[in-house]
Structure formats: structure tokens, C-alpha cells
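Counted the way full-length UniProt numbering counts, the sequence shown spans residues 1 to 744.
One or more hints might be untrue.
[Unchecked claim] When the alpha-carbon atoms are kept at most 25 Å apart in a straight line, the in silico DSS-like pairs for lysine-lysine are as follows:
#, residue 1, residue 2
1, Lys591, Lys630
2, Lys148, Lys235
3, Lys661, Lys132
4, Lys148, Lys715
5, Lys184, Lys134
6, Lys417, Lys357
[What the hints assert, rightly or not] So the derived label-pair ranges between C-beta atoms look like this:
#, residue 1, residue 2, range
7, Cys322, Gly83, 25 to 31 Å
8, Asp606, Trp323, 29 to 35 Å
9, Trp323, Gln96, 52 to 58 Å
Rather than coming from a laboratory, the hints here were simulated on the basis of the structure.
A virtual CB, placed ideally from N, CA and C, is assigned to each residue, including glycine.
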Amino acid sequence: MQQGTLMRKVKSKSWKKQRYFKLQDDCMTIWYQSKRTGKTESAFSISDVETVREGHQSEVLQSLADEFPPECCFTIVFYGRRGNLDLIAGSAEEAQCWVQGLRQLIEPGSFPLTFALASCTWIRDWFQKADKNKDGRMNFKEVQRLLKMMNVDMNEDHALRLFQDADKSESGTLEGEEFVLFYKALTQREEVLSLFQEFSEDGKKLTLLELVDFLQQEQLEDEGTEELAMELIDKYEPSETARARHVLSADGFLMYLCSPEGSIFNPQHRALWQDMSQPLCHYFISSSHNTYLIEDQIRGQSSIEGYIRALKRGCRCLEVDCWDGPNGEPMVYHGHTFTSKIPFREVVSTLGKYAFKVRHPSPAAGGCGWSLWAGHMVVMGLWRGTVKDPRGQQAPWRCWAPQGASLSPTLQELKHKILLKGKKIGRLEDTLDGPGDEAPDVSDDDNGAEAEEERRKAKVGGTQHSSALQKDKETLAQALSDCVIYCKNVPFRGFQEARSHSRPSEISSLSESKARKLIRDEGNEFVRHNAWQLTRIYPSGMRTDSSNYSPQEMWNVGCQIVALNFQTAGTEMDLCDGLFSQNGCCGYVLKPPFMRDEETLFNPSDASSREGPGPVTLTIQVISGQQLPKVANSKEGAIIDPLVRVEIYGVPADQAHQETKYIENNGFNPRWDETLQFQLHVPELALVRFVVEDYDKTSRNDFVGQFTLAFANIKPGYRHIHLLSKDGTSIPPSSLFVHIRITE
1 MQQGTLMRKV
11 KSKSWKKQRY
21 FKLQDDCMTI
31 WYQSKRTGKT
41 ESAFSISDVE
51 TVREGHQSEV
61 LQSLADEFPP
71 ECCFTIVFYG
81 RRGNLDLIAG
91 SAEEAQCWVQ
101 GLRQLIEPGS
111 FPLTFALASC
121 TWIRDWFQKA
131 DKNKDGRMNF
141 KEVQRLLKMM
151 NVDMNEDHAL
161 RLFQDADKSE
171 SGTLEGEEFV
181 LFYKALTQRE
191 EVLSLFQEFS
201 EDGKKLTLLE
211 LVDFLQQEQL
221 EDEGTEELAM
231 ELIDKYEPSE
241 TARARHVLSA
251 DGFLMYLCSP
261 EGSIFNPQHR
271 ALWQDMSQPL
281 CHYFISSSHN
291 TYLIEDQIRG
301 QSSIEGYIRA
311 LKRGCRCLEV
321 DCWDGPNGEP
331 MVYHGHTFTS
341 KIPFREVVST
351 LGKYAFKVRH
361 PSPAAGGCGW
371 SLWAGHMVVM
381 GLWRGTVKDP
391 RGQQAPWRCW
401 APQGASLSPT
411 LQELKHKILL
421 KGKKIGRLED
431 TLDGPGDEAP
441 DVSDDDNGAE
451 AEEERRKAKV
461 GGTQHSSALQ
471 KDKETLAQAL
481 SDCVIYCKNV
491 PFRGFQEARS
501 HSRPSEISSL
511 SESKARKLIR
521 DEGNEFVRHN
531 AWQLTRIYPS
541 GMRTDSSNYS
551 PQEMWNVGCQ
561 IVALNFQTAG
571 TEMDLCDGLF
581 SQNGCCGYVL
591 KPPFMRDEET
601 LFNPSDASSR
611 EGPGPVTLTI
621 QVISGQQLPK
631 VANSKEGAII
641 DPLVRVEIYG
651 VPADQAHQET
661 KYIENNGFNP
671 RWDETLQFQL
681 HVPELALVRF
691 VVEDYDKTSR
701 NDFVGQFTLA
711 FANIKPGYRH
721 IHLLSKDGTS
731 IPPSSLFVHI
741 RITE
């Protein structure tokens with residue numbers, strides 16, 4: 001057997017160890033072993049790899065830039081919280097071989113049937129785990145061990161019968177195709193077969209017309225159903241003969257139900273589907289707090305990985321805290337704490353590389369190229385040299401305002417721009433038309449009696465105005481001030497004050513506690529305010545563990561920039577991912593019409609204040625689960641007792657949850673067949689979260705998987721819900737099978 005490719009595995013500037021890396025014959029597993037001892041250190045599956053970065057694109061490799069050329073360096077990035085793997089190849093050719101090979105293997109478009117591939121990978125992984133003696137075959141004892149690993153508590157006689165049926169060679173072992181037969185018998189989906197036979201006259205196939213009937217009656221497809229049926233047969237029917245006859249077999253029917261077209265998430269809403277020509281304040285914006293931190297707020301690590309992960313997750317509002325560093329170089333970290341520091345230039349370089357990278361290509365817009373937001377002194381020096389703005393003037397940064405623009409530009413006008421939120425000398429009108437006659441306000445956030453006093457004095461007359469302007473110029477660089485165009489930071493002094501003196505180009509930041517008080521006391525005024533001006537919400541300073549508050553209550557009043565700690569997994573980030581997983585994952589979601597009206601009567605505490613149709617009823621039949629994962633760190637041989645809980649997040653009147661009974665000792669193919677029902681008064685703001693837990697009668701239930709989406713993105717009918725892990729990564733082929741109905 002070949003030893004593999006010898007490369008350096010790097011953990012720090014001083015830790016560089018040579019290891020042999022080799023792609024296994026299954027083309028799905030990579031192992032590496034020590035050069036010195038020859039002992040295998042570790043292995044990982046291709047399915048665990050999210051992406052591969054070329055060159056010095058990690059902090060470790062950047063620290064070695066003088067020692068190793070970028071052509072020999074690359075980084076393997078894994079899903080979830082697993083650390084990156086930094087590697088240095090012996091030559092540029094070797095590095096390219098690995099980079100291109102890995103990209104080909106992980107590229108979703110490389111294979112026509114991703115569901116079939118996932119199933120094959122799953123089968124192969126289980127076979128390798130259970131084949132203890134690595135002889136390429138499996139005896140009945142190994143099969144019994146496998147069943148325990150797969151969360152199956154099966155009667156021994158039944159298991160033996162399946163084993164013997166699959167053992168076509170009668171050798172007492174399973175190998176190759178025999179194991180595939182055993183696996184298929186094990187995963188027989190009776191509930192899907194029963195549904196298939198309801199619409200199939202002969203019980204063996206669905207004709208084109210029978211498939212059309214199913215799509216219309218159960219899936220509620222009402223347009224172009226015959227064309228859709230033809231597409232589904234061509235795409236998911238594995239038999240060439242059946243495809244030629246325009247019929248769908250039971251295998252093809254199951255593959256369709258497990259595909260994106262059979263998902264609970266409306267596939268049309270995965271692409272860019274909303275109006276992107278509205279003013280910025282009419283959108284919810286995916287927003288991060290202290291983006292540079294990947295741990296806690298006091299002693300945590302600062303890393304450019306925080307920015308990369310947030311941007312790849314669809315975040316459009318980033319935070320960069322700059323402080324004076326050694327030798328005059330600005331550093332980014334959480335001030336007045338013990339967090340580590342990263343050079344500002346590295347952050348800027350990272351934003352330049354990842355700010356507008358496409359995550360989910362969208363034909364309508366050519367990708368998610370909508371404007372990136374960055375808060376607190378960011379992006380100076382991102383563009384070298386100068387660029388011309390539309391008025392023909394030279395400007396060192398791309399931060400111009402379109403000629404004749406209103407104070408509230410549309411998202412379309414801001415496409416591919418980076419905006420800065422920060423302090424500013426003067427008003428936007430001063431930037432566009434020359435100095436005005438109003439004193440500047442450069443105070444930050446929602447506090448500061450000194451700022452109020454400056455404002456009061458500035459209104460008295462020319463002398464005070466001149467004095468205040470001079471003080472502002474002394475404390476804020478004019479060049480930085482000029483970069484702030486549409487997001488001038490102003491203190492919040494009440495909704496009446498804002499209506500009288502503030503502008504749409506300004507923004508206020510509120511702590512979560514102050515926002516809650518305003519929601520409770522002046523809910524309708526808060527909604528009206530957010531219809532014409534931006535509001536940013538940030539976590540309490542007491543959240544030193546980087547925990548999160550619920551973003552839903554802030555979205556209920558239309559707050560656009562609800563900043564969360566992206567590094568902390570949990571329900572709050574599930575809601576964030578659930579809301580922004582639509583619309584091409586561009587990080588912008590259009591608010592409902594009644595939240596874009598400055599004279600709206602809507603108040604989230606009074607659901608009846610919403611104008612429009614009455615409540616809707618959401619009925620969910622939870623049918624079954626498939627191949628649910630084991631609980632992390634569970635005992636060997638332990639099998640979960642799964643239950644499903646459905647949670648509704650929205651206005652207070654809609655907040656609810658219901659759950660099924662638990663199924664004892666079956667995480668492989670549990671059947672619930674239970675119906676849950678919810679009434680939604682403001683469905684436009686509702687998010688639905690499906691959670692699978694392992695029931696425990698003596699302690700808190702353990703998390704197994706979840707999936708969250710906006711109610712507006714739910715596709716009715718028989719649907720699969722593909723579960724995600726606690727940190728939001730997929731866990732194929734784990735899923736739920738449900739039937740959804742929505743009635744008014």
C-alpha cells in the first residue's frame with residue numbers, strides 16, 4: 001500500500017510535523033499517519049469538509065508567509081466547530097493536486113443524485129465501522145454490533161432473518177452487494193410505500209397522470225404539474241427503462257420525497273425571490289456582534305475565522321473594534337478585556353476576500369452580492385489608490401452617495417458597496433452639498449449626557465456651533481468621518497425626538513434591555529420608527545459567556561440589525577439561520593407590508609392590530625424519522641428514545657409548542673403518526689422550529705437535531721425535514737417525514 005503524500009501539518013509557527021496523507025480507495029475517507037512512527041493518527045470523511053482554501057488564508061499560515069510560499073499552502077475547513085487543518089505540501093504541484101481533488105469530491109454539483117450518494121456514503125461508513133477485523137466481510141455478530149451503532153434495537157430472530165436473506169452466497173458473512181441488500185431491507189420505508197400504493201393502480205409504478213394526481217392533491221402544486229412530473233421522473237427515476245416510459249418506481253418516488261423538491265422548505269424561496277428595490281430600513285439584516293470573537297467576551301480568542309464564518313453564514317453586518325496597537329498599527333479586540341488581538345490589516349484583507357463571495361448562486365441576481373455592513377471603524381484602506389464616484393470626484397474609499405439620492409437609498413442602489421456605521425462630523429447633506437448650519441452629533445449608542453449638552457449648546461448660536469464643530473474635529477478624523485455616509489450613529493432620545501430631528505440616513509443602537517422596555521411600553525411607535533430609520537440591537541454586557549438573547553421579539557417590532565454572537569450555538573442562532581436561509585441566503589429579508597408603513601397601527605402585543613386576512617391554522621402530522629444520530633458522548637450500545645417537539649416563534653399570541661410521545665429504543669426508523677395543530681395570528685412573522693430530543697425521565701432531554709424555517713417558506717404536502725446539528729451543519733441522512741396542511 002502506498003504511504004501517501006508527505007506534507008507538513010501545522011498548528012503554530014513552532015509546531016510543524018510531517019505526516020503522510022492518503023485518500024482511501026472509497027474516495028470518501030482521508031487518513032494521515034506519522035512519518036516517524038508510521039502510526040495512523042486520525043482520519044476524516046470527505047462529507048465533513050466544507051471547503052478548501054488556497055494560500056496563506058489562515059492565521060497560522062499567514063504567520064509562516066516568509067517561510068513557505070502560498071502556492072504550497074492550503075487549509076481544509078470542516079463543518080461545525082472542528083478546527084481547521086493547515087497543510088504545507090512539498091511542491092506547488094502537490095498542493096494543487098490535493099486542492100483540486102478535494103474540491104471535486106466535495107462539490108455538490110459533481111454528482112447528479114446527491115441523495116443516492118449520501119446513502120451510498122452512509123452505507124460504506126457503517127460497513128467500515130462494523131467490520132472490526134477489516135476483512136471486507138461481516139458476520140452476524142458484527143451485524144448485531146452494527147445495529148446498536150445505528151440506533152436500532154431489533155429482535156435477534158428478525159435480524160438473523162434479514163441477514164440470511166441477504167447472504168446470497170450462503171457463506172455466513174455479508175460482503176459488497178450483500179451488505180447493500182441487507183441495508184435496503186433494514187431501511188424499507190413502509191409509510192412511503194403505502195403512500196405510493198395509494199396513487200398507483202398496480203402498486204408497482206406511478207404513471208405520469210398518477211404522479212400528476214399526487215402532486216395536485218397532496219403536494220398542492222397548482223401550476224405546470226405535468227411538466228413538473230416529467231422533470232421529477234427524469235431527475236429521480238433510477239431506471240432508464242422507466243424513464244423512457246415516463247413512469248416513476250417506488251425507489252424513484254422515495255428519492256423525490258427525499259430531494260430538495262420534496263423538502264418542507266419551498267425550493268423557489270431558496271433563490272433570491274423578494275423585492276430588493278426597497279429602502280434599507282425595510283429589511284431584516286443578518287447581523288453579528290463582536291464578530292472577531294470565537295469564544296467568550298472576556299478572555300476569548302479573536303480570529304479572522306470569526307469574520308469568514310459569519311460571512312459564509314450570510315451575515316451582512318459585521319463588527320470591528322479597533323484600538324491603538326504597537327508601532328502605531330491598529331489592532332482588533334474587545335477593549336478593556338483579556339481577549340487576544342488581531343491586526344486590523346488582516347481583518348481588512350479578509351473582508352476584501354470574502355465580503356461578496358457567493359454562498360448560494362442565484363440566477364436572478366448572479367449571487368448574493370448585496371451590500372455588506374460593517375460597524376465601528378471598519379474597512380479603512382480596503383481599497384488601495386482611489387476610485388471615482390458617480391459625480392466624477394476622487395475618493396480614497398468606495399463610500400459615495402449617488403447623485404441626487406434621497407437620504408434613504410434602496411438596497412439595489414447599494415449593491416456591492418460597503419457601508420460604515422459610525423460617528424460623523426455634520427450631516428449627510430453636508431457631505432453631499434457642502435457644510436450645513438447644524439451642529440454635528442458624534443455621540444455613540446444610546447447614552448451620553450455630554451452629547452446632549454453639546455447638542456443643546458449648538459442650537460444657541462454661531463459661537464457655540466463653531467466651538468462644538470472644532471471639538472468634534474479634534475476627536476474624530478475627518479477622513480474617517482467622510483467614510484460614514486448612510487449610517488451616522490446618533491443617540492436615541494425617544495421616538496418623538498427622532499421624528500422631529502433625526503433622518504433616515506441615521507441609526508441608533510440600543511441594548512437588549514432598553515429595546516425590551518420600548519417594546520413593552522411603546523410597541524406601535526417602535527414599529528413605526530423602524531419603518532423609516534435603522535435600529536441596531538446589541539447583547540447585554542452581562543453576557544460575558546457570549547450567550548444570546550431572543551432575536552424574535554426584536555424582529556416583531558421591525559428592528560433591522562439584531563446583532564447576535566454567531567459563535568454560540570443554540571435556539572437563538574437557529575432562529576437567525578432559519579429566517580435568513582431564504583432569499584438566496586443574501587442576508588436580507590423583506591419585512592411584511594404592515595411593518596413598512598410609517599403610519600401602521602400594528603403592535604406585536606396586540607395581534608388583532610395587524611391588517612389583512614385572519615389567522616391561519618398550521619396542521620402538522622409527524623409521521624416518522626429516519627436514521628437519527630446518537631446523542632453526543634452517549635454510552636456504547638445506548639439507543640435513543642426520540643420525540644419531536646414543534647415550536648412556534650412569533651408575536652406573543654403565536655408563541656407555542658407541542659410535542660409527540662417518545663418512541664422507546666428506536667433512533668433508526670421511529671414512527672409517531674401524531675398530529676399537532678397551531679393557530680397563527682401573524683404568520684408573516686412566525687418561525688417554526690422542529691426539534692428532535694432523546695427523552696430522559698430523570699433528567700433534561702438530550703438534543704438530537706433540529707430544523708428551523710420561516711412560516712412563509714413552508715411547502716405543504718408530504719415533506720421531509722433534513723435535520724441539522726446544534727451548530728447548524730447538516731447530519732445526513734437524518735430526517736423527519738411529515739404531512740403539512742395550511743388553512744385559513
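Now the hints, each set against the structure:
For a cut-off of 25 Å, the pair hint linking Lys591 to Lys630 is broken: about 38 Å separates their Cα positions. For the given pair, Lys148 sits about 35 Å from Lys235 by alpha-carbon distance, which is inconsistent with the 25 Å threshold. Pair hint Lys661 plus Lys132 does not hold up; C-alpha atoms about 36 Å apart against a cutoff of 25 Å. Taking the CA atoms of Lys148 and Lys715, the gap is near 35 Å; set against the 25 Å cutoff, the hint is violated.
Between Lys184 and Lys134 the alpha-carbon distance is near 22 Å, which keeps this suggested pair within the 25 Å criterion. Distance hint between Lys417 and Lys357 is fulfilled; the C-alpha atoms sit about 13 Å from each other, no more than 25 Å. Checked against the given bound of 25 to 31 Å, the beta carbons of Cys322 and Gly83, roughly 27 Å apart, stay inside it. Between Asp606 and Trp323 the beta carbon distance is about 45 Å. The supplied range of 29 to 35 Å is therefore violated.
Here the CB-CB span from Trp323 to Gln96 is close to 39 Å, at odds with the stated 52 to 58 Å.
When the structure is compared with the earlier hints, violations turn up for hints 1, 2, 3, 4, 8, 9 and for no others.
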